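Going down the list, the protein sequences come from chains A and B. By the count of this note's numbering, the first sequence reaches residue 148 at its end, each step adding exactly one. By the count of this note's numbering, the second sequence reaches residue 1090 at its end, each step adding exactly one.
Think of the hints as simulated: they come from the structure by calculation, not from any bench. Every value quoted in this text rests on a predicted model; they were computed, and no experiment measured them. The beta-carbon is built from N, C-alpha and C at its ideal position, and this holds for glycine as well. Among these hints, one or two may not hold up.
Stated by the list, open to error - Below, a sample of chain A positions facing chain B; criterion: calculated Cβ distance under 10 Å:
1. Val-57
2. Pro-92
3. Leu-118
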Amino acid sequence: MPLPPLPESAIVIAAQAVDWRAAVTLAGDALARSGAARPEYAHEMIRMIEEHGPYVVIAPGLALAHARPGPEVLADGLSIVTLATPVSFGHPHNDPVNVVLGLAVVAPGEHLAAVAALANVFNDSHAIEELAAATTPAQVREIMGVAA
Amino acid sequence: MKIVTICGAGIGSSGILKVNAERVLRKLDIQATVVAADIESIQEVAADAQVILTSAEFVDAIGATFADVIVVDNYFDTAELTTKLEAALG
């Protein structure tokens, strides 16, 4: 599968979040609005970080929030939240975070094409700052190379 | 050769690490199978692995292993991956 579509409901620009939990919750809420996950999926994503630490901050400024496939996932989906004020996840190298991606995956084996597409976008080291600076959903989609 | 990428869920971040490790290995002309897995299955999946790629958070949980454990800071920085894989495999 290529990257899932990014409808308006899955994009939040210049959001306010008091801490990383609030930022991940925004990404989860966006997945719920777009129909990719139930609202409880946000808790699952937070629980992964509480359990394993801030490893989801996989590049400077970028968190890839996700949990396992499960009953909270309704469809493959992606959400993007950019933060007006960056938040710290407690990562040794990649804090602070100003772009949070929410990822929901139905079946573990089939997500690698989507993840490869994500790598294509972000292997360009400017993509994160471009996303952080985007002011419209259309700009976000253009950087991600996906349709609505 | 077998390389295992580890994260909490076995999807997402370990998948990105797998995809980018395969890209780097192709450039380095190194033949290897790269498997993405979650931390719970580490003992089973990594038993015959030469290299484990992961984040600093999982090093303690990986525990004793014969594999080289490589900590990756920026999952999208193929230059960092290239340097670290070359150092481990070269």
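Hint check:
no.: 1; hint: Val-57; result: holds (9 Å)
no.: 2; hint: Pro-92; result: holds (6 Å)
no.: 3; hint: Leu-118; result: holds (6 Å)
The earlier numbered hints are all upheld by this structure, with none contradicted.
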